[in-house]
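Starting from the structure of chain G, add chain H where the hints point.
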Amino acid sequence: MKMNRFIGVITAVLVLLLVSGNPCFAQKMKLDEYKAQLAEYQKREMDAKTKIAALQTENEQLRQQIADLQKQIDATWEEIYAAIGTDKATVEAFRAELAGIGAKLDELEALSPEDLYARKEELCALKKQIAEAKTNKLLILTEFENKIAELEAKVAALEAKLVGKYDQYTVLKGDYLWKIAKKPEIYNDPYQWIRIYCVNRDQIKNPDLIYPDQVLKIQRTLDKDQYLVAKGDFLKKIAGNPSVYNDPTQWTKLYEANKDIISDPNRIYPYQVLVVPVK
Amino acid sequence: MKRYSWVLVLLAFVLVGAMLVGCTRYAGEKQLRALEETKQAALSAEDQVAQLEKENAELKAKLAEKQEELKNVQAEKEKVLSKLGQQQ
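Note that the protein sequences, when read in sequence, are chains G and H. Counting in my numbering, the first sequence runs from 3 upward without gaps. Counting in my numbering, the second sequence runs from 302 upward without gaps.
Please keep in mind that the hints were generated in silico from the structure rather than gathered at the bench. A hint or two may mislead.
To be verified - With a Cα cut of at most 27 Å, we get these calculated DSS-like pairs of lysine-lysine:
{"hint": "1", "chain 1": "H", "residue 1": "Lys355", "chain 2": "G", "residue 2": "Lys149"}
{"hint": "2", "chain 1": "H", "residue 1": "Lys367", "chain 2": "G", "residue 2": "Lys149"}
{"hint": "3", "chain 1": "H", "residue 1": "Lys361", "chain 2": "G", "residue 2": "Lys73"}
{"hint": "4", "chain 1": "G", "residue 1": "Lys73", "chain 2": "H", "residue 2": "Lys367"}
{"hint": "5", "chain 1": "G", "residue 1": "Lys106", "chain 2": "G", "residue 2": "Lys90"}
{"hint": "6", "chain 1": "G", "residue 1": "Lys233", "chain 2": "G", "residue 2": "Lys184"}
{"hint": "7", "chain 1": "H", "residue 1": "Lys372", "chain 2": "G", "residue 2": "Lys90"}
{"hint": "8", "chain 1": "G", "residue 1": "Lys51", "chain 2": "H", "residue 2": "Lys363"}
{"hint": "9", "chain 1": "H", "residue 1": "Lys355", "chain 2": "G", "residue 2": "Lys53"}
{"hint": "10", "chain 1": "G", "residue 1": "Lys207", "chain 2": "G", "residue 2": "Lys219"}
{"hint": "11", "chain 1": "H", "residue 1": "Lys340", "chain 2": "G", "residue 2": "Lys73"}
{"hint": "12", "chain 1": "G", "residue 1": "Lys53", "chain 2": "H", "residue 2": "Lys361"}
{"hint": "13", "chain 1": "H", "residue 1": "Lys363", "chain 2": "G", "residue 2": "Lys32"}
{"hint": "14", "chain 1": "G", "residue 1": "Lys156", "chain 2": "G", "residue 2": "Lys129"}
{"hint": "15", "chain 1": "H", "residue 1": "Lys340", "chain 2": "G", "residue 2": "Lys45"}
Stated by the list, open to error - Label-pair restraints from in silico Cβ distances:
{"hint": "16", "chain 1": "H", "residue 1": "Gln368", "chain 2": "G", "residue 2": "Glu111", "range": "35 to 43 Å"}
{"hint": "17", "chain 1": "H", "residue 1": "Gln349", "chain 2": "G", "residue 2": "Ala101", "range": "37 to 45 Å"}
{"hint": "18", "chain 1": "G", "residue 1": "Gln39", "chain 2": "H", "residue 2": "Gln349", "range": "19 to 27 Å"}
No residue lacks a Cβ here, since even glycine has one placed at the ideal position from N, Cα and C.
Only chain G is shown next, with the shape it has when bound in the complex:
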C-alpha cells in the first residue's frame, strides 16, 4: 500500500511539472510563427510609411493651392471695391448695420400682435433705416441687394401682423373662447378668453355659445377709458390706482358702469375689460 501511494504521488508531481513547464500551456510562440508575424508587421509599417510620405506631399500641395485661390479671391474683391469706390472696412460696417436691423426685426417678429402694436414706432424707425440703406452705393453688390430684399419682406410681414387697435377673428367650427384665446396669433393665453368676451358683448350673450363665421374683435390696445383687470385686483384697488381715480372710495362708480359684466362687486376676474367712466 505504501508503495502504491508513493508511486501515485510521484506521478502527480511529474504531471504537474510537465503541465507548468509545457510551452503549450504557457502559450509560448513557436519560432516560425514569430518570424511570420514579424515579417507581416514590418511590411505593414513600411507600406504605411510610404503612404505617409505621399500623403504629406499631396496635402502640402493642396494647402498651397488653397492659399493661391484665397489670394485670387481677395484680389478680385479688392478690384470690385475699387470699381465701386469703397473699401473692405466700409463694406463690413454696412454689413454689420444691416445685420443689426435684421436682428431688431427678428426681435419684433417674436412679439405678440399686441406687444408689436405697442412698439410700432420702432418698426417705423427700422423701415426708415432700410429706406436710407437702399440709397447706399454698396447695394450694387448682390449680397446687399438680397439682404435688403430679405429685410423688406420681414417688414412687410410685421406690418401685416400690425393691423391696428383691433384684429378680427372668424370663428371656425369647433371653436370656443378658451381655444381662440390660446391661439398664438390671438393671445397665446387661454385665460384671456374673458377679454374676448368683454369686447364682443354686443354679439356674445353667453360665453359658452359662439357660432361658426362669427367675426370677433380681438383687442390689441386699451382705449383711454378702459382698464384691464390684473391678477390680484379688486374694485377698491383699481379705483385707488392713480391712472384710474386715485381714490378707492370711487369703486362704486366702476361697479355701476360695469354692472353688465360684474354680477358681484367682490368678484372680478383677470383680463376683464372694465369701462372707466370719466372722473
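For chain H alone, coordinates are given in the frame of chain G:
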C-alpha cells in the same frame, strides 16, 4: 509488480511527451519584445495614415469650395462692372 505496470506506462508517456515538447523551438523574451515593438510601430504608422487621409479629404473639399467661391466672385465682378457701365 504487474499491478504497477500501468503507472510505469504512464510515466513513460509523460517523459516522452516532455522530451518532445522540449525539442520544439520557441521565440525568446527578446524576440517577443521586438515583435511587440514592431507591431506598435506598424499600428502607429497606420493611424497616422488614417489621419492624413482624413486631412486630405478635408483639404480637397476646401479646395473645391474655394474654386466655387472664386468663380462666384469673378461673376460678381462682371456684374458690378456691367452695372457701373450702365450707370455711366
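When the hints from earlier in the document are held up against this structure, which numbers fail? Result: hints 1, 11, 13 break, sorted rising.
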